[in-house]
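Numbered continuously in our numbering, the sequence shown closes out at residue 145.
Please note: incorrect hints may appear among the correct ones.
25 Å max Cα-Cα, derived SDA-like pairs, lysine to any residue [to be verified]:
#1 Lys144 / Ala40
#2 Lys117 / Glu102
#3 Lys117 / Glu57
#4 Lys52 / Phe101
#5 Lys144 / Tyr77
#6 Lys54 / Ala11
#7 Lys18 / Ile145
#8 Lys117 / Glu131
#9 Lys54 / Tyr77
#10 Lys117 / Met7
#11 Lys103 / Gly122
#12 Lys72 / Asp90
#13 Lys18 / Glu57
#14 Lys144 / Glu99
#15 Lys52 / Asn140
#16 Lys103 / Asn140
#17 Lys117 / Arg36
#18 Lys117 / Gln48
#19 Lys72 / Thr21
Beta-carbon label-pair distances, calculated as ranges [stated by the list, open to error]:
#20 Gln94 / Tyr125: 26 to 32 Å
#21 Glu59 / Val123: 32 to 38 Å
#22 Ile145 / Gly55: 19 to 25 Å
#23 Glu59 / Lys103: 20 to 26 Å
#24 Pro28 / Lys52: 30 to 36 Å
#25 Gly55 / Met7: 21 to 27 Å
None of these hints come from the bench; they were simulated from the model.
All values derive from a computational prediction rather than experimental measurement.
Just so you know, even glycine gets a beta-carbon here, dropped at the ideal spot from N, CA and C.
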Amino acid sequence: MEITASLHELDKVVTYLDEVLPQNAIVFLRGDLAAGKTTLTQAIAKAKGIEGEVTSPTFSLQQCYKCKDGYNLYHYDLYRLEYDEFMQMGLFEEFEKEGWHMIEWGSDTLKAFLEGVGYNVAIIEIEPHNNVRNYRIKI
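Please work from the sequences and hints to get the whole structure.
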């Protein structure tokens, strides 16, 4: 599925994700620097009733948010973190927690591992184009 949306139309993308993603999902967000990966996560958080600032977990690697309905949203920024380091830190166990896990800069090695152990992994490729972004969603 491909959706073209401006920043003011992100609700189209969020609504589609609500319709097609299961309650527990791992989503790799792909795109260049400043493509809109964190911005999409912020829109999802807002739609799920998360109050407060949602920021990229660049230095903490992970942010956890509790939604009003008890739903959880996890946001990872794995920039400069290799697969081996990720596994050594025990972050893999976080995927057992219920909710959506939004992963920025996740490696193909991590994706292959997650799929190999039985997780369904969705990918959202974000490409800015003029004043809109193209969201290619593969579930």
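Evaluated hints:
Note on Lys144 and Ala40: the hinted pairing holds, with a Cα-Cα distance of about 21 Å set against a maximum of 25 Å. For the hint linking Lys117 to Glu102, the alpha-carbon distance of about 15 Å falls within 25 Å, and the restraint holds. Restraint check: the Cα-Cα separation between Lys117 and Glu57 comes to about 30 Å, which exceeds 25 Å; the hinted pair is violated. For a cut-off of 25 Å, the pair hint linking Lys52 to Phe101 stands: about 22 Å separates their Cα positions.
Our distance criterion of 25 Å between C-alpha atoms is met by Lys144 and Tyr77, whose separation comes to about 23 Å. With a C-alpha separation of about 19 Å, the suggested pair Lys54 and Ala11 falls inside the 25 Å cut-off, and the hint holds. Of the supplied pair hints, the one linking Lys18 and Ile145 holds, its CA atoms being roughly 17 Å apart against a limit of 25 Å. Note on Lys117 and Glu131: the hinted pairing holds, with a Cα-Cα distance of about 14 Å set against a maximum of 25 Å.
Proximity of Lys54 to Tyr77 is assessed by CA-CA distance (about 8 Å); at most 25 Å being required, the pair is judged to hold. Restraint check for Lys117 and Met7: satisfied, since their Cα atoms lie roughly 20 Å apart, inside the 25 Å limit. For the suggested pair Lys103 and Gly122, the alpha carbons sit about 18 Å apart, so the restraint of at most 25 Å is met. Note on Lys72 and Asp90: the hinted pairing is violated, with a Cα-Cα distance of about 29 Å set against a maximum of 25 Å.
About 20 Å separates the Cα atoms of Lys18 and Glu57, which keeps this hinted pair within 25 Å; it holds. As the CA atoms of Lys144 and Glu99 are separated by approximately 24 Å, the hinted pair is consistent with the 25 Å bound. For the suggested pair Lys52 and Asn140, the alpha carbons sit about 20 Å apart, so the restraint of at most 25 Å is met. Restraint check for Lys103 and Asn140: the C-alpha separation of about 30 Å exceeds 25 Å, so the hint is violated.
With a C-alpha separation of about 12 Å, the suggested pair Lys117 and Arg36 falls inside the 25 Å cut-off, and the hint holds. Straight-line distance between C-alpha atoms of Lys117 and Gln48 comes to about 23 Å, which keeps the hinted pair within the 25 Å bound. Simply put, Lys72 and Thr21 have alpha-carbon atoms about 19 Å apart, close enough for the 25 Å limit, and the pair holds. The hinted range of 26 to 32 Å is not satisfied by Gln94 and Tyr125, whose Cβ atoms lie roughly 19 Å apart.
With their beta carbons about 33 Å apart, Glu59 and Val123 fall inside the hinted range of 32 to 38 Å. Ile145 and Gly55 have their C-beta atoms about 23 Å apart, which keeps the hinted 19 to 25 Å range intact. Taken as a hint, the range 20 to 26 Å holds for the pair Glu59 and Lys103, whose Cβ atoms sit roughly 22 Å apart. Distance hint check: the CB atoms of Pro28 and Lys52 are about 21 Å apart, inconsistent with the given range 30 to 36 Å.
Distance hint check for Gly55 and Met7: the Cβ-Cβ separation is about 25 Å, which falls inside the suggested range of 21 to 27 Å.
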